[in-house]
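> Note that the protein sequences, when read in sequence, are chains A and G.
Residues are numbered in our numbering as their position in the first sequence, beginning at 1, plus a constant of 8.
Residues are numbered in our numbering as their position in the second sequence, beginning at 1, plus a constant of 391.
Just so you know, these hints were derived from the structure itself, not from any lab.
For clarity, every value in this text was computed on a predicted model and none was experimentally measured.
Be aware that one or more of the hints could be misleading.
To be verified - Straight-line C-alpha distance at most 20 Å; calculated SDA-like pairs for lysine to any residue:
#1 K61/A - N524/G
#2 K93/A - L420/G
#3 K61/A - E515/G
#4 K177/A - R217/A
#5 K440/G - D181/A
#6 K61/A - L547/G
#7 K61/A - G526/G
#8 K93/A - S521/G
#9 K61/A - D518/G
#10 K93/A - N524/G
#11 K61/A - Q507/G
#12 K61/A - W609/G
#13 K93/A - L477/G
#14 K93/A - G43/A
To be verified - Over 12 Å on every C-beta distance to chain G, these chain A residues come out as not near it, computed from the model:
#15 P51
#16 S100
#17 A108
#18 S115
#19 G131
#20 S135
#21 R204
#22 E220
For every residue, glycine included, the Cβ atom is placed at its ideal position computed from N, Cα and C.
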Amino acid sequence: MRDRASDLPIAFAAVSYSAGPVMILDRISLMLEPGAPTALIGPNGSGKTTLLKLAMGLIQPTSGRMTWGGRSGGPPVRRAFVFQKPAMLRRSAAANVAFALSAAERSADRATVNALLEQVGLGARASRPARRLSGGEQQRLALARALARNPEVLFLDEPTASLDPSGTKAVEDIIAEIAASGVKVVFSTHDLGQARRLAADIVFLVTGRIAEHAPVQQFFASPASAQGSAFLRGDLVI
Amino acid sequence: MDGSSALDLILAGDANLFAIVRLSLLVSLSATLLAAAVALPLGAFVALKPFPGRDAVIVLLNGLMGLPPVVVGLLVFLMLSRSGPLGALGILFTPQAMILAQTILIAPILAALTRQVIEDLWTEYRDELSAMNLGPLASVGALLWDARFSLATIMLAGFGRAAAEVGAVMIVGGNIDGFTRVMTTSIALETSKGNLSLAIGLGIILIGLVMAVNAIAWTVRRWSENYAG
Chain A
9 MRDRASDLPI AFAAVSYSAG PVMILDRISL MLEPGAPTAL IGPNGSGKTT
59 LLKLAMGLIQ PTSGRMTWGG RSGGPPVRRA FVFQKPAMLR RSAAANVAFA
109 LSAAERSADR ATVNALLEQV GLGARASRPA RRLSGGEQQR LALARALARN
159 PEVLFLDEPT ASLDPSGTKA VEDIIAEIAA SGVKVVFSTH DLGQARRLAA
209 DIVFLVTGRI AEHAPVQQFF ASPASAQGSA FLRGDLVI
Chain G
392 MDGSSALDLI LAGDANLFAI VRLSLLVSLS ATLLAAAVAL PLGAFVALKP
442 FPGRDAVIVL LNGLMGLPPV VVGLLVFLML SRSGPLGALG ILFTPQAMIL
492 AQTILIAPIL AALTRQVIED LWTEYRDELS AMNLGPLASV GALLWDARFS
542 LATIMLAGFG RAAAEVGAVM IVGGNIDGFT RVMTTSIALE TSKGNLSLAI
592 GLGIILIGLV MAVNAIAWTV RRWSENYAG
């Protein structure tokens, strides 16, 4: 039997992560609680993706302690991840979703597959090879695969980084719908407008440290850190 | 003159000629399947599993792709000869010996190419499959399935190599008429005897087979692009 205990909250206690001599995250302490989406923002190289991967359990901290729902380990059965450039399996869109369902030990019957594809607006693309879909469609298919895991927490790494405004809108609508259904969404973005539109709180990272963690209105209205102010002004923060 | 005679043999369905073709296909197809059964999992293992000496194994596999058929033939001959370690099997100068030789000849080719294909795909899929919490066996299954069209092309390349070689089967098969004579050994023999009609006829069929294999490989590739992306 799979462990269906809650993975929330996800707690980082003085978590560091380094790759060789390079410190990517430096003594991060953070609590990701159930509720509205959390956005990770910050300059390139600030550690957003690494933080998401740690929270997903894809990589292990170099030091510090992480817990999911108070537990320190266990398989990420209630977590799902959408990468910035998701790899499309060399199969149809429907087969991609069916594969994700099977991997999550869920029934991959046609009705479930179609329901997930419909949820992301790809019902009419079910039989298309996944690699032939547009960038926006591939991102939505990646969301469908993530939803196949029936996640409690969904991590999104710059989900609209390479999309045009209409593609971005389509993906954002789906994310908002997922969040409204009670799934905790944690996403990284360079798009401050997107952070404002989707998130309830902002984690602002600079050079591997949390410079600020605040409710979205507060962060954008009156950032507490000088780096936050500079970032919002459009200054280069390095 | 000889060319038209060769065509006559083919068009007339010459029994001797087609018996040779049948045996060639049987030996090379069997060798390809046997080699694939060993080499595909081996290639996938080397691609995915870090272990001490992995680089050396990769260099060895790549190097063995250029194994000279006559050397393989010699080694298999030594193994199967009466005083060899497998002499008790008593299969020297039989089609089984030829299958064994061709299997040894093409297994490194299949393993090395499989390793490369699977490793490239793993680089692309690793994060996704890890995020799906897929176990090692399921990951290997997914990779082999998604690489199926490339692997099919690799197997066809292996078959082409097996069907076209002459040195190994000549040594371990003995080129016995009606028993171990295949297309390549027949061509060599008939040419030396001056019986060019049969040699040319077999040559035409051999080239046709190689072309057909390449056509299938190409078709598989194009179809896979349309079907699976």
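> Now look at each hint and say whether the structure bears it out.
Verification of the supplied hints:
no., hint, result
1, K61/A - N524/G, "holds (13 Å)"
2, K93/A - L420/G, "violated (41 Å)"
3, K61/A - E515/G, "holds (16 Å)"
4, K177/A - R217/A, "violated (30 Å)"
5, K440/G - D181/A, "violated (41 Å)"
6, K61/A - L547/G, "violated (40 Å)"
7, K61/A - G526/G, "holds (18 Å)"
8, K93/A - S521/G, "holds (15 Å)"
9, K61/A - D518/G, "holds (10 Å)"
10, K93/A - N524/G, "holds (18 Å)"
11, K61/A - Q507/G, "violated (27 Å)"
12, K61/A - W609/G, "violated (40 Å)"
13, K93/A - L477/G, "violated (53 Å)"
14, K93/A - G43/A, "violated (26 Å)"
15, P51, "holds (23 Å)"
16, S100, "violated (7 Å)"
17, A108, "violated (6 Å)"
18, S115, "holds (16 Å)"
19, G131, "holds (19 Å)"
20, S135, "violated (10 Å)"
21, R204, "holds (27 Å)"
22, E220, "holds (28 Å)"
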